[in-house]
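Undergrad: These are the residues of each chain, in order.
Protein chains: 2
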Amino acid sequence: MPKVDLDKVPVKTGSIYPDPYAAEMAGRSSLRVGDAGGLTQFGANIIILAPGGKSSMRHWHLNEDEFVMVTQGEVNLIEDEGKTPMTVGDCAAFPAGNANGHCFENATDVEARFLVIGTRAQSEIGTYSDIDMKVTVEGGQFEFTRKDGTPIG
Amino acid sequence: MPKVDLDKVPVKTGSIYPDPYAAEMAGRSSLRVGDAGGLTQFGANIIILAPGGKSSMRHWHLNEDEFVMVTQGEVNLIEDEGKTPMTVGDCAAFPAGNANGHCFENATDVEARFLVIGTRAQSEIGTYSDIDMKVTVEGGQFEFTRKDGTPIG
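Which chain is which? The protein sequence lines are Y and F, in order. If you read the first sequence in the working numbering, its first letter stands for residue 1, the second for the next number, and so on. If you read the second sequence in the working numbering, its first letter stands for residue 1, the second for the next number, and so on.
Calculated from the structure, these hints are not laboratory results. The reader is advised that the hints may include incorrect statements.
The list cannot tell twin chains apart, which means a pair is met if one copy fits it or any two copies do.
Stated by the list, open to error - Cross-link-like lysine-lysine pairs, in silico, DSS-like; alpha carbons within 30 Å at most: (1) Lys134 to Lys83; (2) Lys134 to Lys8; (3) Lys147 to Lys134; (4) Lys8 to Lys147; (5) Lys147 to Lys83; (6) Lys147 to Lys3; (7) Lys83 to Lys3; (8) Lys83 to Lys8; (9) Lys12 to Lys147; (10) Lys3 to Lys134; (11) Lys12 to Lys134.
So that you can see chain Y by itself, here it is in the shape it has in the complex (with noise of 0.2 Å):
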């Protein structure tokens, strides 16, 4: 059946990142449609953000693009020129190896929601624009380091 029931798909909590920013997530969390429906090319994942919730750290995608579509709420985009508000319908577009980090946050007292697109690459490199951190991903393993590969903490 394609359409995906969406009162079965369980909502993750919890973040990959190591300390301290996994602690930064906490108010996230997310519902992966795509895999529910069996998709295995791009990820597409329902993000749901509580009051003061963030999508995640600054970031950018070395291979991968990356598309958003706001569906509940207001979120601001965060890049280097600072925030963008978004509303229900507003679309944004992140093309592979645009070093112009970005995230989410939920700066309202209400609950926001928005439907996050992205390839899913062999190999990729997420490079964290405010903190000293990458994330390097082969076969869909992902290993968090210094920009410079050391470890972190």
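Chain F: place on chain Y using the hints.
TA: Relative to chain Y, chain F alone:
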């Protein structure tokens, strides 16, 4: 600017289908929001269905994953088993190679919209479920033929 200015995205009308199928797409238009934001790895299009409109001839993809989220109004998902109503926020996923063809129709009297994401494979074959047609895509060039490869019409 990653936020897509939806007011500047051209409304695409018409169809690349050969006759007589192009005429069946009269109630369909689209906004190519991913292209507008510079994405290349997948298409991200908002499909606009006027009352009575349909999204495509019913079809399935050999190599490309596809994902849909309804963003306005109500549509019917049509596949082998019949019709499934979908409304705002509902999602559907169509993994590559699943031969249960799909399309969407707007059977209401108000406009409906959905976001559709589809991988852009270098080589693709789309097969139409209810008519003697297939499309072969190589490097972005579309060729419509009968299922045995002979010309249409």
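Undergrad: Each of the hints needs a verdict: does it hold here or not?
TA: We went through each hint and held it up to the structure:
1. Proximity of Lys134 and Lys83 under a CA criterion of 30 Å is satisfied intra-copy only: 23 Å inside one chain copy versus 46 Å between copies.
2. In the homo-oligomer, the alpha carbons of Lys134 and Lys8 never lie at most 30 Å apart, since the shortest distance is 33 Å inside one protomer and 35 Å across protomers.
3. With identical chains, the CA atoms of Lys147 and Lys134 are at most 30 Å apart within one copy only, with a shortest distance of 5 Å there and 48 Å across copies.
4. Taking the shortest alpha-carbon separations for Lys8 and Lys147, neither the intra-copy value of 38 Å nor the inter-copy value of 38 Å comes in at or below 30 Å.
5. Taking the closest pair of Cα atoms, Lys147 and Lys83 come within 30 Å of each other only inside a single copy of the chain (25 Å); across copies the shortest separation is 51 Å, beyond that limit.
6. Only between protomers do Lys147 and Lys3 lie at most 30 Å apart by alpha-carbon distance; the minimum there is 28 Å, versus 41 Å within a single protomer.
7. For the homomeric pair Lys83 and Lys3, the shortest alpha-carbon distance between copies (11 Å) is at most 30 Å, but the shortest distance inside one copy (35 Å) is not.
8. In this assembly of identical chains, the alpha carbons of Lys83 and Lys8 lie at most 30 Å apart only when taken from different copies (21 Å versus 34 Å within one copy).
9. With identical chains, the CA atoms of Lys12 and Lys147 are at most 30 Å apart within one copy only, with a shortest distance of 28 Å there and 43 Å across copies.
10. In this assembly of identical chains, Lys3 and Lys134 lie within 30 Å of each other by CA distance solely across copies; the values are 24 Å between and 36 Å within a copy.
11. In this homomeric assembly, Lys12 and Lys134 come within 30 Å of each other (Cα to Cα) only inside a single copy, at 23 Å, whereas the closest approach across copies is 39 Å.
Going through the hint list in order, the structure does not satisfy hints 2 and 4.
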